[in-house]
Amino acid sequence: MAKAMSKLPRALGWFSVGLGVTELLGAWNLLRFFGISRGDKWVRAYGARELAAGVALLSPAKKRPWLWARVAGDALDLATMGKGLREPGVRKGRLLAATGAVAGITLLDIYAAARA
Numbered sequence: 001m002a003k004a005m006s007k008l009p010r011a012l013g014w015f016s017v018g019l020g021v022t023e024l025l026g027a028w029n030l031l032r033f034f035g036i037s038r039g040d041k042w043v044r045a046y047g048a049r050e051l052a053a054g055v056a057l058l059s060p061a062k063k064r065p066w067l068w069a070r071v072a073g074d075a076l077d078l079a080t081m082g083k084g085l086r087e088p089g090v091r092k093g094r095l096l097a098a099t100g101a102v103a104g105i106t107l108l109d110i111y112a113a114a115r116a
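Counting from 1, position 84 in the sequence shown corresponds to residue 84 in full-length UniProt numbering; the numbering is continuous, with no gaps.
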């Protein structure tokens with residue numbers, strides 16, 4: 001268990017890098033997938049935040065502050081997704097599934113940050 005825990009920040013770092021690149025390069029496509037008509041600049045900004053956290057978690061820097069930064073980012077993501085659910089034309093099933101996934105990742109981030 002301890003060995004797996006030591007690898008968790010690195011795994012979350014790679015996850016952040018992948019998600020950050022996806023949000024930076026595919027913001028418009030992500031929004032279309034969820035049926036949301038605007039907000040690509042925000043998605044790109046969230047992608048930059050995610051990428052920065054990922055690179056920091058993969059570096060020799062202290063992990064704990066960056067893990068808590070991921071938790072804060074998750075809270076922002078969840079709030080934004082909740083707001084998106086009220087937008088006309090949104091594909092609620094897709095957005096609810098993504099919200100559930102982010103909530104699960106949030107729990108993992110909290111666990112990793114508390115254990116770091």
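It is possible that some hints are incorrect.
To be verified - Here are the simulated SDA-like pairs of lysine to any residue, each with C-alpha atoms no more than 20 Å apart in a straight line:
#	residue 1	residue 2
1	K41	L25
2	K41	L51
3	K83	G104
4	K41	L76
5	K83	L51
6	K62	G73
These are computed hints drawn from the structure, not numbers from a lab.
Given the hint that K41 pairs with L25, test it: the Cα-Cα distance must not exceed 20 Å. OK: K41 and L25 at ~11 Å, within 20 Å.
20 Å limit on alpha-carbon distance, applied to hinted pair K83 and G104: holds, 19 Å
Given the hint that K62 pairs with G73, does the C-alpha gap stay at or below 20 Å? OK: K62 and G73 at ~18 Å, within 20 Å.
Between K41 and L76, is the straight-line Cα distance small enough, at 20 Å or below? holds, 15 Å
Would you mind confirming whether the straight-line C-alpha gap from K41 to L51 stays at or under 20 Å? holds, 15 Å
K83 and L51: Cα distance at most 20 Å? Roughly 23 Å separates the two Cα atoms, so the pair is violated.
Hint 5 alone, counting from the list given before, is not met by this structure.
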